[in-house]
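Visitor: These are the residues of each chain, in order.
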Amino acid sequence: MKYVDEYRDGKLARAIAETIRAEADPAKTYHFMEFCGGHTHAISRYGLEDLLPPNVRMIHGPGCPVCVLPIGRIDEALELAKNPKVTLLTYADLMRVPGSKGRSLLKAKAEGCDIRMIYSTLDAIRIAEENPDREVVFFAIGFETTTPPTALAVKAAEKKGLTNFSVFCNHVLTPSAIRAILEAPKTGKLPPVKIQGFIGPAHVSVVIGSNPYQVFVAEFGQRIVVSGFEPLDVMQSILMLVRQVNDGRAAVENQYIRAVVPEGNLAAQKLCDEVFDLRDRFEWRGLGHIENSALKLRDAYARFDAEKRFAVERIHASDNPACECGVILIGAKQPADCKLFGTVCTPETPMGSCMVSSEGACAAHWTYGRFRDKAKKNEQRIAS
Amino acid sequence: MNAPAEPRLRHRKMDVKSGRVDLSHGSGGRAMAQLIAEIFHDAFANEYLDQGNDQATFPAPAPTGGRMVMTTDGYVVSPLFFPGGDIGSLAVHGTINDVAMGGARPVALSASFIIEEGFPLADLQRIARSMGEAARDAGVPIVTGDTKVVERGKADGVFISTAGIGVVADGLELGGHLARPGDKVIVSGSIGDHGVAIMSSRENLTFETAILSDSAALHGLTAVMIAAGGPSLRLMRDPTRGGLAATLNEVANQSKVGIRIEEDRLPIKAEVAAACEFLGLDPLNVANEGKLIAVVAADAAERIVAAMRGHPLGRDAAVIGEVIEDDQHFVQMTTAFGGGRIVDWLSGEQLPRIC
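Residue numbers (numbering that gives the first Met the number 0), protein chains in the order written: chain A, 0 to 383; chain B, 0 to 354.
Please keep in mind that the hints were generated in silico from the structure rather than gathered at the bench. Ideal Cβ positions, reconstructed from N, Cα and C, are used throughout, including at glycine. Treat the hints with caution; some may be incorrect.
[Unchecked claim] In silico DSS-like cross-links for lysine-lysine, where the CA-CA straight-line distance does not exceed 27 Å: (1) A:K154 / A:K84; (2) A:K375 / A:K193; (3) A:K307 / A:K108; (4) B:K268 / A:K10; (5) A:K84 / B:K153; (6) A:K154 / A:K193; (7) A:K81 / B:K153; (8) A:K373 / A:K193; (9) B:K268 / A:K373; (10) B:K255 / A:K373; (11) B:K268 / A:K108; (12) A:K100 / B:K16; (13) A:K1 / A:K159; (14) B:K255 / A:K108; (15) A:K106 / B:K16; (16) B:K268 / A:K338; (17) B:K268 / A:K375; (18) A:K159 / A:K84; (19) A:K338 / A:K27; (20) A:K100 / B:K12; (21) A:K307 / A:K158; (22) B:K16 / A:K81; (23) A:K108 / B:K12; (24) B:K12 / A:K338; (25) A:K108 / A:K81; (26) B:K16 / A:K1.
[To be verified] Calculated from the model, a selection of chain A residues having no Cβ within reach of chain B, i.e. all distances over 10 Å: (27) E48; (28) G71; (29) L105.
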């Protein structure tokens, strides 16, 4: 497969792994957070953990849009779907995410709610056009990557004069989440996590560019390497971070030069700015309430805002107290540390969203990596 | 009804009192295995069902003697006509294959139709003729049937159920529980073709591809394998719903072993890999309708693969891995990178109504 296989070349990966092992100083530790679930997925799917020396540790970050969505928002969507006039459209990832009381969109669909999975926001527009007697609501989630397609759908709905289309907007912003994690030691709101560098987002950075990360170098002395989602991209980015640590440097570097430019995609940014406005604050699963961290529709597009159209009432719901998604999302714990992992919480019966999305840290560990747990536990037992 | 395979059901039991069937219960993954175990096995339990294979092998009553195999399968594929086949040919091939995987020679089929009011007669005729042709080509006649019509909206065009019976040669013992550490795992050809062909013809997702469904009757190939392998053959399975991943996990669980496969050795067509890439699917989870996997004694693997390659449906047969000891019964894969990963059951629904 042209332009894909090149980035999955096993020989090259082993060569980079060799270089990382040669250059990583055994006297030092290297703790890097891969922000995105896409990177977590690549690391697990290709078994990259097995290629890294033990002192290079990858910490899974919160960059999984489904995972950071608080339970209350799922409950609100379920309320929307109960309205007999509403057809709720969603990306497939969200279908099995648990709301409170074990409810989910998949179960609501089985109970008769009109909930449909779509691949593209263009499908949402088509469905709204074809069903003028239905109130078609698009459950929009995602970081900056999926925001422009939602903006396009709103513009298209406006142009076509659709009066039965609206968006339940849950778009969130990457830099706000990175800031919340970095400020944790200061604010005390989150457990502090030792991070010496970030594998920076791929697709998000295609839209926003690499410039928005400069502030983290200036303010926190952090290292960020914007990285593609292919396994070789991740390996090369890890090497770049190891070199920054070894050189005592902190900088934003761009490994994903085939797609990311410093200023990002200006047309997409302009489009999003036209349609969306900042929310004062928004609740993130695991990270709590973060100011200026999410988007809502601008007043000029209020008629496409499902929250206004259906007067959606805020629902505050708590996670299962034993679920550790929150601390796993910020890298303070690993999936296997959670008591629920693999016992009551599995992809079939997820207790937390990290077990649902293919980008979630728990799902990635369950699906690809859990065979290592027993050996690791044995090692720990022997060591202690 | 597929293998119960005793998936590691450490998690909660189904909520039978207030729960409802959702699409994940039909996807060939763990949710379906749980449904079968807790609803159907619970109600039907008997020694033949407990074999946990896609077919049951049982002694034919006196005075006939010998052993017979029986299987049944429902077909609800959407769309009804797809590149490389249709619901009719699929219903014939799928049931023949379930008989053949038991090591049996298929003898006869039955066909039952549930037809929605308003369904075009021309389509019904096309499907029936396709079934007839598939059955004749395979040399396995459809000897009995049933027809029901339901009101508009109570079905989706047409649903077909077929059943098949076959006879097993004396001395041949095959079963999902017979894999042993050291055995080799063979696949008969490229994986994922059927699922991708179906996806490419879905109304809301049309994309152009040259991929055809691999739908085919495999009893000729299995006969060749039985002749070449004899008692070295431990088991055969056709990896349909849930793909290779689900089938290997079923085997690992039934035989209480681990399986390790090599990513580099998996036969996957470039077009299938590309389609899976942009649809976000793993070819290991995508359905096949004309492929089989076999677990065989290591010293017979080369001989069996050579025999398979001499058959048109086994030209790309290859050893893809081996059975290992693992008390956790994981299916693992050595990635092209040299790292390790699990090959898990599918969670939830990947592609609804592929067969």
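Visitor: Now tell me, hint by hint, if it's right for this structure.
Guide: Quick rundown of the hints versus the structure:
no. : hint            : verdict
1   : A:K154 / A:K84  : holds (23 Å)
2   : A:K375 / A:K193 : holds (21 Å)
3   : A:K307 / A:K108 : holds (24 Å)
4   : B:K268 / A:K10  : holds (21 Å)
5   : A:K84 / B:K153  : holds (22 Å)
6   : A:K154 / A:K193 : violated (43 Å)
7   : A:K81 / B:K153  : holds (23 Å)
8   : A:K373 / A:K193 : holds (26 Å)
9   : B:K268 / A:K373 : violated (35 Å)
10  : B:K255 / A:K373 : holds (17 Å)
11  : B:K268 / A:K108 : violated (35 Å)
12  : A:K100 / B:K16  : holds (15 Å)
13  : A:K1 / A:K159   : violated (38 Å)
14  : B:K255 / A:K108 : violated (37 Å)
15  : A:K106 / B:K16  : holds (14 Å)
16  : B:K268 / A:K338 : violated (41 Å)
17  : B:K268 / A:K375 : violated (37 Å)
18  : A:K159 / A:K84  : holds (21 Å)
19  : A:K338 / A:K27  : violated (31 Å)
20  : A:K100 / B:K12  : holds (16 Å)
21  : A:K307 / A:K158 : holds (20 Å)
22  : B:K16 / A:K81   : holds (22 Å)
23  : A:K108 / B:K12  : holds (21 Å)
24  : B:K12 / A:K338  : holds (18 Å)
25  : A:K108 / A:K81  : holds (10 Å)
26  : B:K16 / A:K1    : violated (52 Å)
27  : E48             : violated (7 Å)
28  : G71             : holds (23 Å)
29  : L105            : violated (5 Å)
Violation of the numbered hints given earlier is confined to hints 6, 9, 11, 13, 14, 16, 17, 19, 26, 27, 29; the remaining hints are satisfied by the structure.
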